[in-house]
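Make the complex out of the two chains shown on their own, each in a separate frame, by following the hints.
Top to bottom, those sequences are chains L and P. Start counting the first sequence at 1; every next residue gets the next number (the working numbering). Start counting the second sequence at 380; every next residue gets the next number (the working numbering).
Keep in mind that the hints were calculated from the coordinates and are not lab data.
Taking lysine-lysine and the DSS-like style, the derived pairs with C-alpha atoms no more than 30 Å apart in a straight line are:
id	chain 1	residue 1	chain 2	residue 2
1	L	K70	P	K453
2	P	K696	P	K723
3	P	K587	P	K605
4	P	K540	P	K587
5	L	K231	P	K607
6	P	K453	L	K59
7	L	K59	P	K678
8	P	K438	P	K678
9	P	K775	P	K607
10	L	K231	P	K775
11	P	K509	P	K453
12	L	K70	P	K587
13	L	K231	P	K780
14	P	K483	L	K59
15	P	K681	L	K59
16	L	K59	P	K476
17	P	K509	L	K59
18	L	K70	P	K476
19	P	K663	P	K713
20	L	K231	P	K605
21	L	K70	P	K780
22	P	K607	P	K526
23	P	K607	P	K587
24	P	K509	P	K681
25	P	K723	P	K533
26	L	K70	P	K775
27	L	K231	P	K587
28	P	K780	L	K59
29	P	K607	P	K540
30	P	K663	P	K552
31	P	K678	P	K453
32	P	K663	P	K526
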Amino acid sequence: MAQASSQNKQPKTFWNEKNREALAAYGFLAPFVFTIVIFFGYAFVRTIYYSFTDYDLFKTPNFVGLDNYKNILTEQLFNIALANTLLFSLIVTTLQTIGALVLAVVLNQKLRGMLFFRTAYYMPSITSSVVITLIFIWLFRPTGIFSFVLNWFGNHSSLILTFLVVGALLQAAQVMYDRSKGYPATAFDPAFLFTSVLVGLVITFILNALNIVRVGDLPAQPLNWIATREKFLGIIPYPLLVIIIQNTFTTIPTLMLFFLAGLQGVSKSLYEASSIDGATPQEQLRYITIPALRPVTFYVVTVGVIGTLQMFDQVSIFEGANAPLESTITLAFYVFKKAFDPSGLPKIGLATAGAIFLAVITTVMVMIQRRFVVSDTGS
Amino acid sequence: MKQKYALLAAFGLLVAGAGSSLVSGQTGTTIVIGGRDGVTDTGLVNDLINKFLKPALAKDGIDVKYTPIGDYDKAIVNQLSAGTAPDVFYLPDNTAKGLVSSGKILPLNGLVSGTDFISSLNQTYTFGGKLYGIVKDFNTLATYYNKDLFDQAKVAYPNDKDDWNTFSDKLAKVQKALGTGYYGTCFPADYARFAAFAYGTGWKPTKKVTDPSFVRAFQFYTDLVKSKVAVQPSTISAGWGGDCIKSGKVATAFEGAWALGFLRDNAPNLQYGTSLIPLDPTTKRRGNLLFSVAWAINKGTKNTDAAVKVLNLLTSKAAQEYVLENGLALPSRKSLQANAYFKKSGAEPQANNTVFRGASSGNVVAFNQPPVFTDAVNEALKSVMDGTSTVDEALKRAQGKIDQIK
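Just chain P, with the same shape it has in the complex (with noise of 0.2 Å):
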């Protein structure tokens, strides 16, 4: 009988104590916040936290954590359906539109203001007339160069005027000059690189992937390759044209501002410069790629008002600078737009400036399209590279490929 008692006491404790717990964690708010698995992506959103949303938010009870996720475009789905998603989390551009149908995402409409920020940038997360997400940072593709290599071959550094053919002149002077083992340019089988010249001709993603225009530029492009003048990243055991320019044996690469802190750390004395991605001998323009993820809120959360705080101090004009001054991606918010940085001398605020100046030089295109387009013309780009097919049969395969999506 004694044991019996002792057992109900024990028991009575357990329940007292679970109890307290709950009420203890009910005093504060948690937002939890969800990105890209990464060192840069979670440092960089760890680093917001500390210095910027902590300190704003303890005088609301209001806690900040943040999960990176891997796998993120597949997790973020399933996280939305069974209703465990972040309050806060990465909207990417290129997933959005299905995200947002989902009717999981909180339109901001009324809750955040959108007036400070690049109205292309809002344009690419305006669905049906509602804005779902705020801009955190963009990207553009630029022209990366080695200036030893070029200056070694004694030949001009790529500028803004270059269009495909004096590009791929110097290029191949730079690559005749130094021998086998060197390259002018890397690149690898990937619409977001390839795009920029796609766009510079005039093509948009509404028309057919065999348009006159667009089987020029793949021409051009995988002609680079096929001529030995470029190089997929992969042959040189690289991961990506950040990788390639690393290696100092490639003269070129086109990349974002995304490469500047990895450069930095990796290849600290490179001297490198950027320009302009060439413009299209025919049409005289340029084309880019606008790369943008931005904030959303989560439609189920339980603390909208926290979330919006937090989404606001995310999307700060303070918490922009800090990016933007770390080289890890520039201010969405117009009136950072002529922040002193970008007068600043030097390999990285010049190159933000030249990436900062592709969102507005000639045909800029976001990088939206679904997936299922993207890796189709992917695929027609490998197997061209690769001398597998011809220009016309991979993007007939591609073409049908899309147009399947439909």
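Looking at chain L on its own, in the form it has when it is part of the complex (with noise of 0.2 Å):
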């Protein structure tokens, strides 16, 4: 009966060792509850419901039901930017993802000097994506440094090929030579490779200085990635080429930390195991690395779709640069556009319908690609 009682009283007590401890749970929370619940609860909330509307930040919102979604969907830049959105995507976080994996296995060697390479091969990361995007400009200009190899390049071909030609044959004649007297010499034999350069270098000089081979003097042929609408293979417009390169080139590294995290984590014993079985480097990639970072990768790929799903700063730079709207626009910069129209009033109601069906996409895209793509967890 005694203990009946104290059971039942032990509910009715509010400072009870249960409660007390889930009021300490929700005191640290808090903060951080706090501030999702403004900067992105209400905020959420609020942009669902001027999706609805014609609100242009000055007068009273009208409800005018689906009307945004309609005109957004049959909006001929709204579909442009929906395509440049997804081709952006898919693009930079397959290279990406596959970039930051090679580059964190050869990162992971034991090497000399592996500390400067690390950070070396970081820094793109750290820099202001906003001063890489003109760097990239100016690269990419008519008259920037990538027009110039590629010109010197198209004139420096004879002479290019002629050395090849030349190397390839030198070096097929030792080998063969020495195979043809029973020595088991290798394609890529470094002493006949070093011959094959150091005369394949000489003859090319001779027959240049003979004027045999002569270097080209087609005029320079200023590369137009920039402002252009043309497209490269009839896909993928050059401006946002050169934005995917560019952001492939500033996100590997990052991603390459993860990678690298992941793999201090696998189990050296696995490698010295398949080691013994027999395993080439290449299947031990393949059977213990990439399996073993299955969560890791999950991750990249999923930080990876979101974030390219929202590029804009970079289209923001290209439009300053003359590169046409069309050719660079993703749904985040639709967004703004909208948002900011410059031949009047903002137009929130579309610019927040934008908004919406973007997060929707980006919540539909990590879905397919955890249900099909990569998943959290190990098979």
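Have a look at this one:
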């Protein structure tokens, strides 16, 4: 009886241990919950609300139903932005994930001066995105270094080709001669290679001096990759391609760091055991490293998809460099363009509808990749 | 217990201190002026504040502060919406319509007299019969030419009688005489320069950009670049037309009086002259753009009277005279149009005179087309100048975009 009464009393006291623990937990969570509720939750609810109105920052919002969603879906610029965004996200996420994994595996080797290489490769990630974008615009300008290099290669192609052909012939001759004598010479025997390169250079130089092989005098063909509507392979607009190259270059190092951290957690014994079984390094990468890094890969791909779908800053800077809007616009930039419509008052209704659309696409993409591409648990 | 009292006392002191500072803050009125961020704008407005506003307003206890605003067109929309906009601020011609439709700009009828101001300029800022801004100054385009290059090439200077053909002939001759690295003229793919030629044909922004007159001007303008007589500023590492003239490698450029201060500071030894924009050989008329920025008052200002005083001083005859004599822009007051300054000899007064005459010579249209319109034309110009589109393709695409505005 006494026991039963004490049991009944326990929940009546508010300050029991269970509640105290819960309160402490809520206390610690409070600052984060507060910021999330105010800056995310409230903003998100307002965004949904505005997407069903004709709000312009000044007048009282009027409910317009699904008009904003219908309007953006029929707008050409929105559809271009959607296509550009999906293209950009797909390509960059793939390239940066593979690139980061390869770089992490390479930088995970025990080599002298590895700290230097890790630091050097990480540099692009800590440089301001605006600065890197401006540098890339300079590199790809009609009078930029890429234009110069391509032109140089164009004009020197005969010399380069001569050197390669002569070198290859010399190498082949030496290897075949050695093999005919019964020695086990490999195709890229270093000693033969040295001779081939050296003699190849000398012969190319002589042929050039005798005017048999000449440097071309093609006029400089300015590379037009920024202010153009042309598309690479008829699919990717050139300005977007430059942004893809730049974005891959700057995000690989950050993602590499996650893979590098993941690699530290892969047990050495797995590699040792597989070596004993005769696994090659390629097989180790395929059957040990990649499966072991699954949770990290999931994280990297998810962060990649979300980040690339929201790409904004480069487009904004490219617009200033005269890149046609259609060749670079992404959904995030579309939202901005509508929110600050230069032809009059802000079109907040359309902008928020675009933003909600972007949020839905992001969620769907992450779900698709989780379901079909890579999930967070190893199989 | 003692500690508690000490804390209470400290808190009380703090409250009292804050209260007294609030009271002292109420004694004076501060009017905040907002404008574009830039060396010229910031310097000029601060000059006006120190020379004309502060001395006149001191007796009324009104203080004036200038806040330069970066990315002005976007920022001012946000500030007006949030209620944090300055009391008196720039109302640019091309965004005036949108800003006025926000209902946050005070109509000036009955508060400020617009009678001494050029009526076509007032018209740019009049919506629904109400005046919303007093033009602080205006500009048009003139042909700037480098006298030394024309002398070296033994070609006559451009003059007010030149039409597109005679003008481009002169440019081609100069370029031929001086050789590679020199250009006849320099302009960007920008409606704000090109439109002067389009207006010369009689075309108006109410017509389509696929209109034959517009196409003719577009063809002439872009052909100059294609034939390499003209160069885009970015190609020769210049930022704009004034920069091109400064380089000493370009014979002419189409700019307003804003180029004067720049040339004075950056090319003090350059011998240059100015003439009106060349005539269309078919219509025998020339075109020009009227650029202007007005001062407007925030409807939400707490001190309308003080703001009106500030606006009147900013657009006063004395202030405009100062701006004119510094070669920064032309006065919008009718009473200053006969100012002795215009009759002075020298490149600068002569250039100001040309820019001033530009406003009444031929078809002059205010630069207040919505940015979506000008962006569409700019892109068309760019794609043709870069050789990535034909004239027809580019203009059809531009018209498609313009049609979407409505």
